[in-house]
Every structure is written in structure tokens, then in C-alpha cells.
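Chains as they are written, first to last, in the numbering used here: chain U, 1 to 295; chain Z, 1 to 385; chain D, 1 to 183.
Check each hint, because a few of them may be wrong.
[What the hints assert, rightly or not] Coverage of chain U stretches by chain Z, computed from C-beta distances (three or more under 8 Å per stretch; other residues unrestricted):
| no. | stretch |
| --- | --- |
| 1 | 68–80 |
| 2 | 114–125 |
| 3 | 172–183 |
| 4 | 281–293 |
Bear in mind the hints are in silico, worked out from the structure with no lab data behind them.
The structure presented is a predicted model; accordingly, all values stated were derived computationally and were not measured.
By construction, the Cβ of each residue, glycine as well, lies at the ideal position given by its N, Cα and C atoms.
Single-letter residue listing:
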Amino acid sequence: MSEAIQDDQDLSGMPMMDNPVMPYLRQERIPHIWCPGCGIGTTVNCFTRAIEEAASDLDKLAIVSGIGCTGRVAGYLNLDSFHTTHGRAIPFATGLKLSNPELSVVVYSGDGDLFAIGGNHFMHAARRNMDLLVVCVNNFTYGMTGGQVAPTTPIGATQTTMPYGNFENPASLPFLADAAGATFVARWTVYHVRQLTRCFKEALGKKGFRFIEILAPCPTLFLRRNRLGDGVDMVRTYKEKSVLRNGADTKEVGLGLTGEIVVGTFVDRERPTWLESMNDHFGKVFGDRYSRYGG
Amino acid sequence: MTADPKGVLTGIHFLDGDHAACEGALAAGCRFVAGYPITPSTEVVERFAQRIPLVGGLFIQMEDELAASIAILGGAWGGKKVMTVTSGPGLSLMMEHLGLAYITETPCVFIDVQRGGPSTGLPTLPAQADMMQVKWGSHGDYEIIALSPNSPQECFDLTIRAFNLTEQWRVPVFLMMDEVVGHMTERVVIPEASAIEITERRWTAKAPGTYRPYDVGADRVPEMTKAGDGHRIHVTGLTHDERGWPCMTPKQQDKLIRRLSGKIRDNADALTDIREEGCEDADVVVVSYGITSRVASAAVLRARAAGLKVGHARLVVTWPFPAARIAALASKCKAMVVPELNLGQMVHEVRLAVNGRIPVLLVDHAGGTVHDPQVILDRIQEAAR
Amino acid sequence: MTRTEIRIGGLGGQGVILSGIILGKAASIYDGLNATLIQAFGPEARGSACSAQVTIADDPVDYPYVLNPDILVVMSPDAYTQFAPSLKPGGMLLYEEELVHIKELPEGVRAYGIGATRIAEELGRRLVLNIVMVGFFVGVTGIVSVGAAEKALLSSVPKGTESLNLNAFRRGFEHGRSLVGAA
């Protein structure tokens, strides 16, 4: 599958259900491109409820995506939104935030985008404590290109480029985020809609490099190929296998093809953001001659 | 409008090209630079990092050139005038974001201080071998504007022009320096801020709800906004419509790509800047650009001293290529000589423009130093026969 | 049209490039001439061969490199060995006489030596050796004016070191003038 999906269908005349998240979406762009049973839409639902509950100033909230199925999220949200290149949402968001610090900037992308091609940027933005909320919808696969092995694919799972089963060690995303210096690290699944909504709201109210991993089913390319059922089956699995462990040591939250799924808020700490550090430092170096950047 | 005095280091200085280019960027209003160190371009960002805290703006050294070249695009949509600076291998890494900048019409300046390649090549020595890469190195059809300075003074002047052009046309603009110009130190005169003309961003005055990011008028350049101004824009590297929304049909592709290229191609004559000297009655015209133009000048002087009628046409704007003007020159002379620090790049454009009417002789060079003027002189004499 | 090509050679850390900057600045900013400085140094930051090429001319400088200098200034034996053969016939060699020992000179070359290291040490800072050489250059050649050279010097050295550097310049200058028999 490629990006050859046509997005110009005019569906503006079609009746829309009166859904509370609709004001937060570009309604003329619905229906979205995601498959039936895909978990990405559920995460967007939770995100819009969170920004509603948080009463965020929507004009000052910007969203940046990379490339892939989750990369399309930016296009559906009725915010200033940027659909960038594969793997580079974080450095784009870095430039956006530093250029206009009054913005609240959210990066919303997939596991392949953020952690394979974009892994280096993730590490450095976390290290710098760039003031970004990074949301990773982890479906363990490359959806848009047709189900290739991802940096998160569990050992044993079959993918088109691991036709005999994956033998590569997957990355544990919360562990990476923690080690790189993120100030807030949480994991939920699309089963946990209330918790996820709360988590979004909490993370939006904090500053620094914040990371939320959301496990989501890709029925078309991951579940079916690995005989894991459909989207509903997977949500049931999330319910059964999830174990809430706030404050868990991120070394202990790795995921397998089966087995328990540790969820919760693992890291919540404060450290100065990149911009705060720069302003404080230059204030010391230059004294009164320095005007704080971004107010 | 004129330059913000905070960024203008008015006075007479003795600067190398890298430092002069940085001063040009500051004078032009550049307040956001993201970079990654690479010889021989690093001095540009080193000076920017040193100067910017008290000018009011920001520098960040990113983790690689991929990051630097897209951080500036984020910076532009955040409202700042932006630039990145690189050389050789770094330029190769930036190619994807050149495409993103182009299709999203993000104003941005790239400085490329050319060194010998391919690959790591000659990090500390000159070449002019990226001339085709900047024009053709990103995938798909696109246009750029490229300026080729031959002195530190021009590094200052043309960097300002690069910023003005990128704001005017909303197309990536390249300053095509080389190691010699970058590291050569000469007198650089920086005027008063009030004497420096600055092109402001084409900010929209339309209210949210009525503004569409890619609506255009007669000049085919859309008005711009920035994130946070209430327009709720969508900016995508996908083929898009006037709203900025993905629209992946052959029809929209044709409409968008022809508009984007047309705004530059159809204005190539207006963008042309050729410094012609002695071309009116010349038998041979030397066509040159960048540092090679100074070496060519030395050869042209010697040729004239030997009694030859030689003209010199120096391209200040190298892209879009001034095909019409080169064709006009070719109709009046008997041969052209094109020296460049590569094995033949812009000579192809000269030959296309000349279209076989007169011989076009290349004076190639693999890079690492500049030509010996004698070699250019020999080729001028050959052309004159 | 006059054009004078100068090469200054020494070791990294000796202030070779600064010497070039002062001469170039003096000519192009304070004397109304044109000057182009090209610097070349090895991949190591310090201790390797280092040279500056300065072209000073009435007209704008076209070809920027110095291949066969009219004047060669050397502060190390290696620079002498490397660059002396490239001197133009009839050119001029200025050298640090305690570090560089002259053997054969190319035809017609005039050579002038100075104990710049010793003078710098007498002034209390061996580091100002390069400034002594700049003063010596101006004294012998007169290519840039004393006034211009002093202004260029003062605008190029760190604050607080002005008088030390000016003394170094003047010691070199006077020695140069005495060698060429100027009044």
C-alpha cells in the first residue's frame, strides 16, 4: 500500500453525526483514511476530549506529524497543523516551538516514524528537554507501506520483511524516553480511553519533553498476519493483559508478542526546558544587556 | 522597509566570506538559524551563535543536517526569517527538506559553502560541483533561486538579497559560496541600517475563516501566516489544494506543480543578474560565476593585453539560469568559454541556451584549488582561432 | 597597476594569520588600497605548518592566491624550506634570524633578518613575535603606512595588550628602517 489514497472526495454534503469531538476536526476531511478496527481514531478522540476538558486555547495549540498512518492525524485536527517528512516531525516541531514560544506544540506520529527513521531526533529532543508533547501511536508495524517490520515489532511476529518471524530485538519506548531525559513518560492502550484522556490532559498542562506511548491495533497488517484476531479482539487483549503500575521502573516495561502490558505514568519529573536554560544562561552571561527570548 | 538596526554591524570591516554572510543574514532580519557543523561552512553559524543573543533571536545546533534543514522550516512557520548553512555531505542530507520547503512555499535561505566531493572529498578545499545538485538533487520537479558571490562583500550583499528573494517568491534561495570565498578575507562595507532595503514576509491581512494558505493572485505567490494567528492552517508535503489540504489527483498535481515552477521560470528574465564587461564587440565571451569569475578576470585581462577581443559575462544569479541573455550574447560572438570548478555543470545550461550556434568550450577542473589563469587563457586563445 | 603578493609562513600558534590580518586591514581599510587574505593551515589546530597569503593592489584583486610571492616572511625553518624556492626573482625575504638560517637564496633576492623572538622576550611576551615581524615588514617595505598599520594593529589585538603590541610593532619597525637605511 502506498500514499495513493485520494483525498479530494467532496463529502461536505453528507450528513454528519452530532459527535462532541466534531468541532475539533476538519469535518470536510472526514471520512478519514484509517481502516476499520484501527486504533488511531480512538486516540484522536481521546486527544480532542482532553483539549476540550483542558479548555486549551486552540489558536495557540499546534500539531506536527511525520509520515505514516498516524502521520495523518495532523490533517484531521482543526488546529494549526503540519504534516512534515518521514521521521522529522520532532525537529520541525523544535523549530516551530523555538520560533514562536507562545505555542503549545504536540508531535503526533507512529512508532516507525518516531523511533526508526526519526529515532535520533527523539533522543536529542528529550536530552535537550525541548518543550514538546510527543505522542506515539504504537501499532508494532509499518501500516501505510503494507506491514513491514518496525523497531517495536515483538520477537516472533511475522511481517512482510520478516516473513519467517521477527528475530530483531524491539525497542522499549518508555525506557528510551526515560533514559534520554523525558520529564513525563506514560503508556496506555486504546482500551483505556478515560485514562488516556486524563493522561493527555495532564501532559498538556506540564512543560518539557513529555512522551505518551499508546498501544493500538493494526488489524489489517499486524493482527491478521499474526493470527491475533481483529481490532475488537485486541482491545479485549489490552483489557486482560494490562497491569497498572504507576512509577514502574522503565527497564521493566518491555513488551512481547503476548504477555503482560504494563501501563500508567512511569516518569514525572521537572527540569528546565531548553529555552529556559538558554534564557537563564544568557541572563547570567550578559546581565542587563540580554532580553529574555520569547518573553 | 529598511533593516532593523539591531542586526546591522555598520562600518568598514576586514571579514572572510563566511563571517560576511552571517552579517548579511543578521542585517536581512534572520532571527532563527539551525545548523550542524561542517567544514568549510561552520564559521557562519559560529558567528551567528556568538552574535544572536544580543540581537534578539536564536541559534540551535541540531543533531544532523536533516534536523537543521527542517527545524528552519518550523522556524519559518513560527514567524521568523530563517537560514541553515552547510557544505558537501550536509547538503546531500538536506535534499529532502529542500523539496518540503519548495512544495510548502516556506521562505528559507540555504548557504552552501562548496568543497570538493563526492562524499567526504576535500573538506578544506574549494569546488563548484554542487551547482546541479541544488537544482536537481531533490526529487520531483522544482525550482530554486541561487546566487553566486565572488567576494566577502558579495557574501554580505547577496545574503541580504537571498532573504529578500525568498520572502518575495516563497521559494528556497541558495547562496552558492565556495571554500575560497568563504575563507577569503577582504574589506566589507556594511552600510547604515536605513540604507538596507528589506523585503518583509507577505503576511495576510485576511481574517480567520476567509484566508486560505495557497490562494494566489497574478504573481502566483500566496500570502503567508504563522502558527498561532488563528487561521488553523494545514501545511503538508503532499500535493495540496488552495486550502492546504491533501488533494492527490493528476489534475491538482498539474495545477500546483505548474504554478510553483511558473512563478520562477516565467520570471527568469526579471531575476537575471549578469555583470557583462566588454561583451559588445567581443569575439569570445567568457561565462563564469563565483570564485572562478575572479580567476577568469585575470585571464581576460591577459587575453586583451595579447590583442584578443574578449568579453566577460559573470552570472551573479546562477539559478534560474539566464538562458535568454546567454542566447542573446551568443548571437553576437563567435565562441564562448566556460570555466568552472567541476567537470562540467553550468556549461550544459550554456550549451542549451546557445543551441549549437557557436562553440562552447569548457575549462573544467576537479577542484581543490582554483584554475591557473593561464589554462583559461589558453582556452580563450583556442576559442578565438 | 601595482600588485604586491606576500606570503607569511610559520607554525600554527605563532600568530601567522593575525599578521596577515593586520597587513590586509592596514592596506584595505586604512590606506585605501585593496587587499585579499587567504589562509591555509594543516588539519591540526596547532603546531603544524601555517601560512597566510596577502595580495595588496591598487585595483581590485582578481586571482586570489599567492603562488610566487614578491615578499616572503618566514618565522620557522620549515616555512623557509617550503616557500623560499617560490620567491619571485628579485623578490624579498624577511626572516626571523634566530630560528631561520639562510643558505642559498634565489637569484636577486634581498634578505633581511631580525631577532624577533629575542625582542619579544625582552618585551616580556614571546607571543608578540608576530607583531615584531609585522613592524619589521612595514619598516623594510613601506607597502602599508605606519599610521595604517598601527590602527590595524590596535583594532586586531585583545583589549589590555595594546601598548605591549604597539611596542613590539615599533621595535620591529625601527629595526627594519635601520636595515634599509631610511632616515
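Cross-check of the supplied hints:
no., hint, in the structure
1, 68–80, "holds (count 5)"
2, 114–125, "holds (count 4)"
3, 172–183, "violated (count 0)"
4, 281–293, "holds (count 7)"
Taken one by one, the earlier hints fail for this structure only at number 3.
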